[in-house]
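Peer 1: Residue-level listing of the chains:
Protein chains: 2
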Amino acid sequence: MTETDYMQLAIEEAKKAAEAGEVPVGAVVVYRDKIIGKGRNTRENDLDISGHAEIKALQMAAKALGRWSLEGCRLYVTLEPCLMCAGAILQSRVSSLCFGAKDAKEGAIVSKHHVYDGEKGAPLLSFGVAEEACAELLTTFFSKQRNR
Amino acid sequence: MTETDYMQLAIEEAKKAAEAGEVPVGAVVVYRDKIIGKGRNTRENDLDISGHAEIKALQMAAKALGRWSLEGCRLYVTLEPCLMCAGAILQSRVSSLCFGAKDAKEGAIVSKHHVYDGEKGAPLLSFGVAEEACAELLTTFFSKQRNR
Numbered sequence: 033m034t035e036t037d038y039m040q041l042a043i044e045e046a047k048k049a050a051e052a053g054e055v056p057v058g059a060v061v062v063y064r065d066k067i068i069g070k071g072r073n074t075r076e077n078d079l080d081i082s083g084h085a086e087i088k089a090l091q092m093a094a095k096a097l098g099r100w101s102l103e104g105c106r107l108y109v110t111l112e113p114c115l116m117c118a119g120a121i122l123q124s125r126v127s128s129l130c131f132g133a134k135d136a137k138e139g140a141i142v143s144k145h146h147v148y149d150g151e152k153g154a155p156l157l158s159f160g161v162a163e164e165a166c167a168e169l170l171t172t173f174f175s176k177q178r179n180r
Numbered sequence: 033m034t035e036t037d038y039m040q041l042a043i044e045e046a047k048k049a050a051e052a053g054e055v056p057v058g059a060v061v062v063y064r065d066k067i068i069g070k071g072r073n074t075r076e077n078d079l080d081i082s083g084h085a086e087i088k089a090l091q092m093a094a095k096a097l098g099r100w101s102l103e104g105c106r107l108y109v110t111l112e113p114c115l116m117c118a119g120a121i122l123q124s125r126v127s128s129l130c131f132g133a134k135d136a137k138e139g140a141i142v143s144k145h146h147v148y149d150g151e152k153g154a155p156l157l158s159f160g161v162a163e164e165a166c167a168e169l170l171t172t173f174f175s176k177q178r179n180r
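From first to last, the protein sequence lines are chains A and B. Start counting the first sequence at 33; every next residue gets the next number (this note's numbering). Start counting the second sequence at 33; every next residue gets the next number (this note's numbering).
Bound conformation, chain A alone (with noise of 0.2 Å):
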């Protein structure tokens, strides 16, 4: 599988997380070509600030091995992650971390912050991976909220 066939799945977790009612960011988590971690937002059906796409799918990983320590393991999401995420990728040593659209307003790799510049455990970074696909499920979201 391509980064592109990994962040399509990451895609199918956002999607629906749209259908729950929640921003649509979905994450999955590889180790050795398996998905062994998915997430989605759950923010606002769990009444819970850390139900970030990203950490979901952390957790489902750090469960699935058996350990917290994802030394080894790539992430792919399909939004930039906020500041608590990149800090949660941090904490879980994950090795590799892809993300399709940027995050002007909250984006901590690249955009509002750049947290990752100069420290030593960050993850290997890429980024734009099907990046109109991921932006356009936020853009089509929102939207369709201003319209109620």
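Take these hints with a grain of salt, some might be off.
Pairs involving identical chains hold if they fit within one copy or between any two copies, as the list cannot separate such chains.
[Said to hold, decoys possible] EDC-like cross-link-like pairs, simulated, lysine to aspartate or glutamate; straight-line CA separation at most 20 Å:
1. Lys95 <-> Glu76
2. Lys95 <-> Glu54
3. Lys70 <-> Glu51
4. Lys152 <-> Glu138
5. Lys137 <-> Asp149
6. Lys137 <-> Glu54
7. Lys152 <-> Asp135
8. Lys144 <-> Glu103
9. Lys134 <-> Glu54
It should be emphasised that the hints constitute simulated quantities derived from the structure, not laboratory data. If you're wondering where the values come from, they're calculated on a predicted model, not measured in any experiment.
Guided by the hints, dock chain B onto chain A, whose structure is given.
Peer 2: Leaving out everything else, chain B in the frame of chain A:
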């Protein structure tokens, strides 16, 4: 109750973490002078990187209030929040943050990072409350671990 009294309750949470073999950090959330959230580190036992004291306390407070937004609440935590928790605190919209000891290695507020600088949504900040007691918990814990 004073700031020091609330911090003392956070210290009690930190002590429970140490008893469970976890890095001793504790937190409480106060709303209208009532404790509505308590939390302590649970990472090792729960295999969950998001199991930091602040996030646990914020989650409990949100359940108590029936909303994820914690406007009007105050968070007390024994140690300067890491990036993940600094971000979670922002997400929660908690009104004020008081921490005890600084964290030179991972502190995201005044030590390693300064993520609230220029941030409109940042909570009111105070620190250094019961600083020595908060720091000593950690020194003692790590010193015991080294001696094992």
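Peer 1: Among the hints numbered above, which are violated by the structure, and what are their numbers in rising order?
Peer 2: 8
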